[in-house]
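2 protein chains.
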Amino acid sequence: MGCETPEKVLFNTLLQHVDQHTDNSVDYYIFASENVTSPSRKDIVLIRSKEMVLHEDHPLIVCKKKQSSLYLGLQALAKGQLDGFVTAGSTAGLVVLSKHLIPLLPTIERPALLATMPTKKKPIAVVDIGANVPAKSRALLQFAHLGAAYQISRGRLYPKIGLLNIGSEAVKGTLEMQNAYALLQTISEKNFIFSGNVEAKEVFNGDVDVLITEGFVGNIFLKTAEGIANFILDKLERSSSSSVLFLEELKKYLHYGKYPGAFLIGLEKPVIKCHGYSSAEAFITGVNAAIMDIKEKLCEKIKKNLTT
Amino acid sequence: MGCETPEKVLFNTLLQHVDQHTDNSVDYYIFASENVTSPSRKDIVLIRSKEMVLHEDHPLIVCKKKQSSLYLGLQALAKGQLDGFVTAGSTAGLVVLSKHLIPLLPTIERPALLATMPTKKKPIAVVDIGANVPAKSRALLQFAHLGAAYQISRGRLYPKIGLLNIGSEAVKGTLEMQNAYALLQTISEKNFIFSGNVEAKEVFNGDVDVLITEGFVGNIFLKTAEGIANFILDKLERSSSSSVLFLEELKKYLHYGKYPGAFLIGLEKPVIKCHGYSSAEAFITGVNAAIMDIKEKLCEKIKKNLTT
Chain A
33 MGCETPEKVL FNTLLQHVDQ HTDNSVDYYI FASENVTSPS RKDIVLIRSK
83 EMVLHEDHPL IVCKKKQSSL YLGLQALAKG QLDGFVTAGS TAGLVVLSKH
133 LIPLLPTIER PALLATMPTK KKPIAVVDIG ANVPAKSRAL LQFAHLGAAY
183 QISRGRLYPK IGLLNIGSEA VKGTLEMQNA YALLQTISEK NFIFSGNVEA
233 KEVFNGDVDV LITEGFVGNI FLKTAEGIAN FILDKLERSS SSSVLFLEEL
283 KKYLHYGKYP GAFLIGLEKP VIKCHGYSSA EAFITGVNAA IMDIKEKLCE
333 KIKKNLTT
Chain B
33 MGCETPEKVL FNTLLQHVDQ HTDNSVDYYI FASENVTSPS RKDIVLIRSK
83 EMVLHEDHPL IVCKKKQSSL YLGLQALAKG QLDGFVTAGS TAGLVVLSKH
133 LIPLLPTIER PALLATMPTK KKPIAVVDIG ANVPAKSRAL LQFAHLGAAY
183 QISRGRLYPK IGLLNIGSEA VKGTLEMQNA YALLQTISEK NFIFSGNVEA
233 KEVFNGDVDV LITEGFVGNI FLKTAEGIAN FILDKLERSS SSSVLFLEEL
283 KKYLHYGKYP GAFLIGLEKP VIKCHGYSSA EAFITGVNAA IMDIKEKLCE
333 KIKKNLTT
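Heads up: the protein sequence lines correspond to chains A and B, in order.
Take the first sequence: its position 255, counted from the start at 1, is 287 in my numbering, and no numbers get skipped.
Take the second sequence: its position 39, counted from the start at 1, is 71 in my numbering, and no numbers get skipped.
Hints listed in this document are in silico derivations from the structure and should not be mistaken for laboratory results.
There may be inaccurate statements among the hints.
Which copy? The list can't say, so a pair holds if one copy fits it or any two copies do.
[Unchecked claim] DSS-like, lysine-lysine: derived pairs with alpha carbons at most 27 Å apart:
| # | residue 1 | residue 2 |
| --- | --- | --- |
| 1 | K267 | K192 |
| 2 | K222 | K168 |
| 3 | K153 | K267 |
| 4 | K154 | K333 |
| 5 | K168 | K335 |
| 6 | K329 | K153 |
| 7 | K267 | K152 |
| 8 | K335 | K111 |
| 9 | K192 | K333 |
All values reported here derive from a predicted model rather than from experimental measurement.
Model the full structure from these sequences, guided by the hints.
Now the structure itself:
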């Protein structure tokens with residue numbers, strides 16, 4: 033498991049987490065920068081990295097930083113020394129290096145970030161929330177296949193796919209959106225249904241299982257939901273008329289501090305991307321999600337269910 | 033005042049609204065398609081149109097539909113026969129026709145849609161929420177000038193301008209975003225401050241007065257906020273632990289049924305765009321907003337405060 037930030041807090045929380053963990057079969061490898069103190073538990077292995085991938089690094093620079101925590105962690109994952117990889121590092125760096133070091137699934141050209149979000153019905157899988165900026169219609173089509181394979185692997189057969197757009201008509205949105213709409217409509221799929229464009233305000237009704245979107249827009253979508261949820265929770269907490277129990281219930285749905293991070297889909301191995309501003313608690317949720325993905329053999333299932 | 037939909041309901045609500053209106057100086061002109069019954073009050077004038085602007089119409093077609101309600105209404109506004117214009121018709125059609133028929137403010141090349149949204153502090157003005165898809169960096173710069181002039185006209189001197197992006201660093205987002213960032217940073221403005229990139233989750237903290245964004249992204253931003261607000265209100269209403277009073281208060285902030293519509297900024301005359309799915313109630317809120325804008329001479333103030 034690797035991270036760039038917030039390393040020190042993570043160490044302490046991970047130590048506590050390991051204490052609570054009944055299943056002692058899990059080892060934790062932490063790839064972190066040099067200025068971090070050693071953990072005191074022998075089932076947590078600290079691997080110090082001498083370089084750091086920065087947000088502004090060009091892809092060519094990222095690939096040359098072979099001593100960064102991102103590179104070392106993904107390399108260990110590729111070699112089978114790790115079962116999964118969790119990071120709060122640079123998204124752009126992660127996408128470049130994972131594509132460089134981990135085998136991609138057949139027909140997939142680039143990995144995408146998938147996040148699940150609550151709706152009035154079942155949770156929806158949103159692809160892509162920031163790995164592909166901008167994304168062409170061809171990439172949007174791959175997101176549909178990946179999102180469908182993900183939901184099928186989670187037990188949702190014949191998932192409905194929606195395209196996040198500013199109106200329901202086929203002519204709405206950018207040229208790439210219109211092309212993606214046309215491509216998705218002409219394909220006769222065996223294992224998923226294209227439901228057309230979905231407006232952002234309709235998403236939370238839960239009428240589709242997968243929402244596909246270009247990475248920039250997907251990221252704005254996710255972060256807006258997070259922002260307005262926090263805004264409402266803030267208002268609720270200041271109000272004497274809301275019960276503590278109800279607040280806790282709503283927080284479970286909406287509090288993104290406990291958010292398990294995004295799944296980097298399209299790779300043969302499990303990679304989880306946590307927010308750069310993740311709390312140690314959020315990071316642990318990401319680690320637990322990775323453990324579950326590994327145990328469930330999620331990547332193998334996605335590969336099997338991916339039809340293109 | 034003009035509308036395409038929902039005409040019949042609007043009539044009845046407008047009639048009631050006029051009854052309640054103490055100020056009898058306001059006349060209402062309704063430009064509507066042929067299949068609408070006459071209103072029964074003499075201060076409501078019905079003008080039947082023989083054509084209809086459709087969402088899928090090409091701009092050239094839109095300009096040729098001189099008997100559409102959009103064309104007739106905007107033409108009457110341009111001639112001074114109306115003081116303001118409210119519509120729930122096609123956004124693309126409205127932008128094309130308003131640019132064609134109403135004088136633009138100096139240095140402005142295209143109008144933009146401005147919506148105000150609640151935050152933890154003062155409401156924020158979001159430009160553009162769907163009139164410009166896609167928008168170049170040059171347009172984003174004009175949105176900043178327009179948004180600043182709007183807030184100054186509303187009494188918010190030296191407004192802070194934020195660029196909606198997926199991270200705070202100057203290199204984040206699409207090429208157009210990066211160019212807009214560079215342009216905004218190099219300009220030394222007399223009457224507004226550029227605060228840099230703002231992530232969607234930070235917007236609701238209310239640290240900036242104007243949020244600028246390309247139209248597609250702005251529309252997703254607005255509709256996501258609307259969607260998640262409705263989702264939370266739905267959960268609250270199902271919960272026995274929330275008080276009715278508190279729900280009403282929250283709805284005032286978040287219920288987009290009462291949303292006053294968006295202000296089409298950059299024109300010499302007041303134009304309000306309501307959602308295509310506006311309830312009659314939402315439409316009346318739009319009409320009231322237009323009346324207030326006219327009385328406050330908002331367009332004249334914006335023109336005066338616009339520095340480029």
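Hints, one by one, checked against the model:
1. Taking the shortest Cα distances, K267 and K192 sit within 27 Å of each other only across copies (24 Å), while inside one copy they are farther apart (35 Å).
2. Proximity of K222 to K168 under the C-alpha cut-off of 27 Å is restricted to the intra-copy arrangement: shortest distance 24 Å within a copy versus 40 Å between copies.
3. Taking the shortest alpha-carbon separations for K153 and K267, both the intra-copy value of 25 Å and the inter-copy value of 12 Å come in at or below 27 Å.
4. With identical chains, the CA atoms of K154 and K333 are at most 27 Å apart within one copy only, with a shortest distance of 20 Å there and 49 Å across copies.
5. Taking the closest pair of Cα atoms, K168 and K335 come within 27 Å of each other only inside a single copy of the chain (23 Å); across copies the shortest separation is 39 Å, beyond that limit.
6. For the homomeric pair K329 and K153, the shortest alpha-carbon distance inside one copy (26 Å) is at most 27 Å, but the shortest distance between copies (47 Å) is not.
7. For a Cα distance limit of 27 Å, the shortest separation of K267 from K152 qualifies both inside one copy, at 21 Å, and across copies, at 8 Å.
8. In this homomeric assembly, K335 and K111 come within 27 Å of each other (Cα to Cα) only inside a single copy, at 19 Å, whereas the closest approach across copies is 64 Å.
9. Taking the shortest Cα distances, K192 and K333 sit within 27 Å of each other inside one copy (19 Å), while across copies they are farther apart (49 Å).
Consistency note: the structure conflicts with none of the earlier hints.
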